[in-house]
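Novice: Here are the chains, one letter per residue:
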Amino acid sequence: MSEGYEWLAIIILLSMIGGLPRIFKGPTRADAMLAAQLCGTSSVAILLLYASALEKPFLNDIALVFSLLAAVATVSFVRMTWHAPEEVDGDH
Amino acid sequence: MVIIDYVSLILAGIGTIFFMASTLGLLSFPDVYSRLHALTKADNVGLGFIILGIALRSQEVSELMKLLLIWVLAIISSCSSCYLIARAACRMGIKPWKRP
Amino acid sequence: MELFKQTAFFYSITGVSIFCIGLYGLIAYDHFIRKTIAMNIMGTGLFLALVALAHRGPEGTPDPVPHGMVLTGIVVSVSATALLLGMVVYLFLETGATDLKGLIKKRERDK
Amino acid sequence: MNVSAFDCIIAPTLILLAWLAMRIKDLFVGIVLFILFGLLTALTWVELQAPDIALVEAAIGAGVVGALFLGCLGIIESRQGIYQFPMERKRRSLLWIPVLSLAAILCWSISQLPPETQGLGNLVRNSLLDSGVTNPVTAVILNFRGYDTLLEIGVLFLAAVAIVSLRFFEPAKLDSRLAPNSRVFLFFLQLLTPSIVLVSAYLLWQGTNYPGGAFQAGAILTGGGVLLLLAKVSLPLDYRNPWLRLAVVSGFAGFLLTGLGMMGIGMMFLEYPVTYAKWVIVLIEILATVSSGLILLTLFSGCAGFLGITRRGGDGTL
Chain E
658 MSEGYEWLAI IILLSMIGGL PRIFKGPTRA DAMLAAQLCG TSSVAILLLY
708 ASALEKPFLN DIALVFSLLA AVATVSFVRM TWHAPEEVDG DH
Chain V
29 MVIIDYVSLI LAGIGTIFFM ASTLGLLSFP DVYSRLHALT KADNVGLGFI
79 ILGIALRSQE VSELMKLLLI WVLAIISSCS SCYLIARAAC RMGIKPWKRP
Chain D
80 MELFKQTAFF YSITGVSIFC IGLYGLIAYD HFIRKTIAMN IMGTGLFLAL
130 VALAHRGPEG TPDPVPHGMV LTGIVVSVSA TALLLGMVVY LFLETGATDL
180 KGLIKKRERD K
Chain A
45 MNVSAFDCII APTLILLAWL AMRIKDLFVG IVLFILFGLL TALTWVELQA
95 PDIALVEAAI GAGVVGALFL GCLGIIESRQ GIYQFPMERK RRSLLWIPVL
145 SLAAILCWSI SQLPPETQGL GNLVRNSLLD SGVTNPVTAV ILNFRGYDTL
195 LEIGVLFLAA VAIVSLRFFE PAKLDSRLAP NSRVFLFFLQ LLTPSIVLVS
245 AYLLWQGTNY PGGAFQAGAI LTGGGVLLLL AKVSLPLDYR NPWLRLAVVS
295 GFAGFLLTGL GMMGIGMMFL EYPVTYAKWV IVLIEILATV SSGLILLTLF
345 SGCAGFLGIT RRGGDGTL
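Residue numbers (our numbering), protein chains in the order written: chain E, 658 to 749; chain V, 29 to 128; chain D, 80 to 190; chain A, 45 to 362.
Hints may be right or wrong, so weigh each one.
The following label-pair restraints were derived from C-beta to C-beta distances [claimed, not checked]:
| no. | chain 1 | residue 1 | chain 2 | residue 2 | range |
| --- | --- | --- | --- | --- | --- |
| 1 | D | Arg188 | A | Val277 | 39 to 47 Å |
| 2 | V | Pro124 | A | Ser122 | 23 to 31 Å |
| 3 | V | Met93 | A | Ile149 | 48 to 56 Å |
| 4 | V | Ile32 | A | Arg123 | 27 to 35 Å |
| 5 | A | Arg123 | E | Leu711 | 23 to 31 Å |
| 6 | V | Ile45 | A | Trp249 | 21 to 29 Å |
| 7 | A | Ser209 | E | Pro714 | 38 to 46 Å |
| 8 | E | Glu660 | A | Leu301 | 49 to 57 Å |
| 9 | A | Arg284 | V | Ser90 | 41 to 49 Å |
| 10 | V | Arg119 | A | Pro159 | 55 to 63 Å |
| 11 | V | Cys107 | E | Pro714 | 54 to 62 Å |
| 12 | V | Leu52 | A | Ala49 | 18 to 26 Å |
| 13 | V | Pro124 | A | Val228 | 15 to 23 Å |
Don't read these hints as lab results, they were simulated from the structure. From a predicted model like this one, the values you see are computed outputs, not experimental measurements. Glycine included, each C-beta is placed from N, C-alpha and C at the ideal position.
Could you build all of it, start to finish, from the sequences and the hints given here?
Specialist: This is the structure in structure tokens:
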């Protein structure tokens, strides 16, 4: 039973790694930040699945901290680091 | 109990599918705004399904409340940070993509 | 090779690789912020090796003493990072330089 | 224990992220990659059965460290323009030789280690019964390695002193640098700030039974403080105020004075009476939480320009 959860966690980890190319491709800095945010959510999901699979409830606390502080990096990016004009076209 | 275990695994599997769809959207959508849209699917629906699946198996009320808190926090932080990104993108003059 | 299928040795080799990448970056790149990132990466590699090697206890129970050391180490590395970045900002505001070459150039200009 | 599929995915990704964070041209992308590196490191700690380290890494890596780097980069770029990457690869290609040989020596010496060892684990578990707390790592930190923890809070305190002595004294004037707040952001903060305080108190209390404790709780508080600063809420970060200085020093001083007091009643430095050990530890942890949260917030404000540099006759702007 618990192996099912571990495999789901591995699939989520793989899809999180699959999102990494967006960081390099850009085109804007916000896209890189979006990929980082997706990774944050994915790690919350991975931790929850692991907590359930291994029956270690304190892993939920780590997930709680992650989801609590998920916004800090994004907000500090938007408010402090995204100011310069960039190429604004999408990559279609 | 066995049926509940299977239902929980299936729900977590649906959540995982949403995560994969979100990655796909992040990679293939044409501009920031549509990628934001793809991202929030993982945050709200994907994580929601996974938490629903896990919550079915939890034994204590306190664990249940903690899981609910995690989901609510993930939703509010994803929606407000996505709003902030979209607003900043709009101010910087990034035009939404239109079908050519 | 059989040894490296054990989690402890697998992750300690990973930690060594990360440490060496960080060391390379610390020496090879000029920008102070990148040097700071490199220092952090070095530290993480070190912690990884330490915790992985603590994993060799009997019945797979990890040794709590290296864990405590790593917790302290993380605090120290965060303080060091923050202090370095503060000094980078200060130096930049005073001289306009973000790397050693810029500082040297600025000094030559001032002479 | 043998390597699992999870390990085989996460370890190469860690190496790749570290490598790319060094090599990538845009420094901003390097910082984002470093944030992701921290995220994956937290997952690795979980895999290595070190949930307490994972908690610290989550609290630090998700909140403070990313904000530190992004704030510092923000200041530099707003004055200098987008940073261009000057690197001469030709001159430094020989650097690989010493680095690779160091790696080889380290790998060789690791392979010589015995595959199983007693460590200090048993010693800790045996004396755990005398120490008043049930979680091995917290016990290690607060009883057996009280000296290290003292030094840890001392290091944080020294970092704060160093930052403040760069003349980061008073809150900077920010109106021109930060965009006006949106109502969504303010509403988000109204929801999030109470949860941050709640979770911080919860982790502090859990610290005596489960992994968690003062520094984690303080780091989470700092995350909330960073968000409040970014929303232009004026926090009392004026270092001319003696109460702030007292609060910053309280964690270190509380630790030191308790230890000295115990020496005064005839015990060892940093040894606690068995019956009161838990309450003394909780009290010290509360002081340490508040002061480490404030110190980390000071460090962030110094790096990201929320504390202005006071020059002679200057006006505190940055």
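Novice: Decide, hint by hint, whether the structure agrees.
Specialist: Now for the hints, and whether the structure bears them out:
Between Arg188/D and Val277/A the CB atoms are about 41 Å apart, so this pair conforms to the stated range of 39 to 47 Å. About 27 Å separates the C-beta atoms of Pro124/V and Ser122/A, a value consistent with the hinted range of 23 to 31 Å. Checked against the hint of 48 to 56 Å, the C-beta distance between Met93/V and Ile149/A comes to roughly 52 Å, which is consistent with it. Roughly 59 Å separates the CB atoms of Ile32/V and Arg123/A, a value that falls outside the hinted 27 to 35 Å.
Between Arg123/A and Leu711/E the C-beta distance comes to about 49 Å, which lies outside the given range of 23 to 31 Å. At about 38 Å, the CB distance of Ile45/V to Trp249/A disagrees with the hint of 21 to 29 Å. Distance hint for Ser209/A and Pro714/E: a CB-CB separation of about 44 Å, consistent with the stated range 38 to 46 Å. Separated by about 52 Å at the C-beta atoms, Glu660/E and Leu301/A satisfy the suggested range of 49 to 57 Å.
Taking 41 to 49 Å as the suggested C-beta distance range, the pair Arg284/A and Ser90/V conforms, at roughly 45 Å. A C-beta distance of roughly 58 Å is found between Arg119/V and Pro159/A, which places it inside the suggested range of 55 to 63 Å. Between Cys107/V and Pro714/E the C-beta distance comes to about 28 Å, which lies outside the given range of 54 to 62 Å. For the pair Leu52/V and Ala49/A, the beta carbons lie near 22 Å from each other, so the given range of 18 to 26 Å is met.
As the Cβ distance of Pro124/V to Val228/A is approximately 19 Å, the hint placing it in 15 to 23 Å holds.
Hints 4, 5, 6, 11, counting from the list given before, are not met by this structure.
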